[in-house]
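Q: Residues per chain, in single letters:
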Amino acid sequence: MLKQWKPAGWAMAAIAATATFALAVPSAMAQRDPAYEAARSGGQIGEQPDGYLGFVSSPTPAVRDMVNDINIKRKAAYTSGAPAGSTVAQFAFITGCNLIAKTRPGEKYKGPDGQWLTRDAGAPVRDPNCP
Amino acid sequence: MTRYRNGMLRLTLGRWAAVMIGAAALGGCVQIATPDKPIEINLNINIRQEIALKLDGDAKKLIEQNGDIF
Numbered sequence: 001m002l003k004q005w006k007p008a009g010w011a012m013a014a015i016a017a018t019a020t021f022a023l024a025v026p027s028a029m030a031q032r033d034p035a036y037e038a039a040r041s042g043g044q045i046g047e048q049p050d051g052y053l054g055f056v057s058s059p060t061p062a063v064r065d066m067v068n069d070i071n072i073k074r075k076a077a078y079t080s081g082a083p084a085g086s087t088v089a090q091f092a093f094i095t096g097c098n099l100i101a102k103t104r105p106g107e108k109y110k111g112p113d114g115q116w117l118t119r120d121a122g123a124p125v126r127d128p129n130c131p
Numbered sequence: 001m002t003r004y005r006n007g008m009l010r011l012t013l014g015r016w017a018a019v020m021i022g023a024a025a026l027g028g029c030v031q032i033a034t035p036d037k038p039i040e041i042n043l044n045i046n047i048r049q050e051i052a053l054k055l056d057g058d059a060k061k062l063i064e065q066n067g068d069i070f
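Protein sequence lines correspond, in order, to chains B and H.
Using the numbering used here, the first residue of the first sequence is number 1, and each one after it goes up by one.
Using the numbering used here, the first residue of the second sequence is number 1, and each one after it goes up by one.
In short, the hints are calculated from the structure, not lab data.
You may find that some hints are simply not true.
[To be verified] Sample of chain B residues lacking proximity to chain H, with all beta carbon distances greater than 10 Å (derived):
| hint | residue |
| --- | --- |
| 1 | Q31 |
| 2 | G54 |
| 3 | P59 |
| 4 | R64 |
| 5 | K73 |
| 6 | S86 |
| 7 | G111 |
| 8 | P131 |
[To be verified] Straight-line alpha carbon distances no greater than 20 Å define the calculated DMTMM-like cross-link-like pairs of lysine to aspartate or glutamate that follow:
| hint | chain 1 | residue 1 | chain 2 | residue 2 |
| --- | --- | --- | --- | --- |
| 9 | H | K54 | B | D127 |
| 10 | B | K102 | H | D68 |
| 11 | H | K61 | B | D50 |
| 12 | B | K73 | H | D68 |
| 13 | B | K73 | B | E37 |
| 14 | B | K102 | H | D56 |
| 15 | B | K75 | H | E50 |
| 16 | B | K75 | B | D33 |
| 17 | B | K102 | B | E37 |
| 18 | B | K75 | H | E64 |
| 19 | B | K110 | B | D120 |
| 20 | H | K60 | B | D50 |
| 21 | B | K73 | H | E64 |
| 22 | B | K73 | H | E50 |
| 23 | B | K110 | H | E50 |
| 24 | B | K102 | B | D127 |
Ideal Cβ placement from N, Cα and C applies to all residues, glycine included.
I would like the entire structure built from these sequences, with the hints used as guidance.
A: What follows is the structure, encoded as structure tokens:
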């Protein structure tokens, strides 16, 4: 009887481990769409100080639709995530500071003067109000 | 030992007096030159920085939790 229980225990542990892994995977998989990633690294689109994506050059219809869709989702995230005592624009701006800081070398971002810049190995040029 | 200590005390008092005279002279200069409202401006900057830092933590979480749109 005892020997029959042991495999069952192993099976339960395996199921539990699989379930934990399956739960962990979706959040880790919430990553950029390949088309979005390509438009970023290709310099067609870039991060703006206001927390939204912008077009560096005139976009293809597909890129335009994709960016508009992402910006709508960002706006929704800023609206639902803005803490009490702050505005959506303030929260979007501070998030934009972080997003520009997180750009990778070669990606585009808009500087405080409104010019598109290419991120290099150094720190990006950000608005003086960024924390 | 006692004499030495007295000597030290006199020296210290002498220095203290010199520092006080210097401080008094400096104090007079600073009071004349100080403008009216520097403290209020500093307070405003501190409050803004506080809000920005609070939002900064929330922004980092938002980016982490929404990896597909950021």
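Q: Which hints from the list above does the structure break, by number from lowest to highest?
A: Numbers 1, 5, 6, 8, 15, 22, 23, in rising order.
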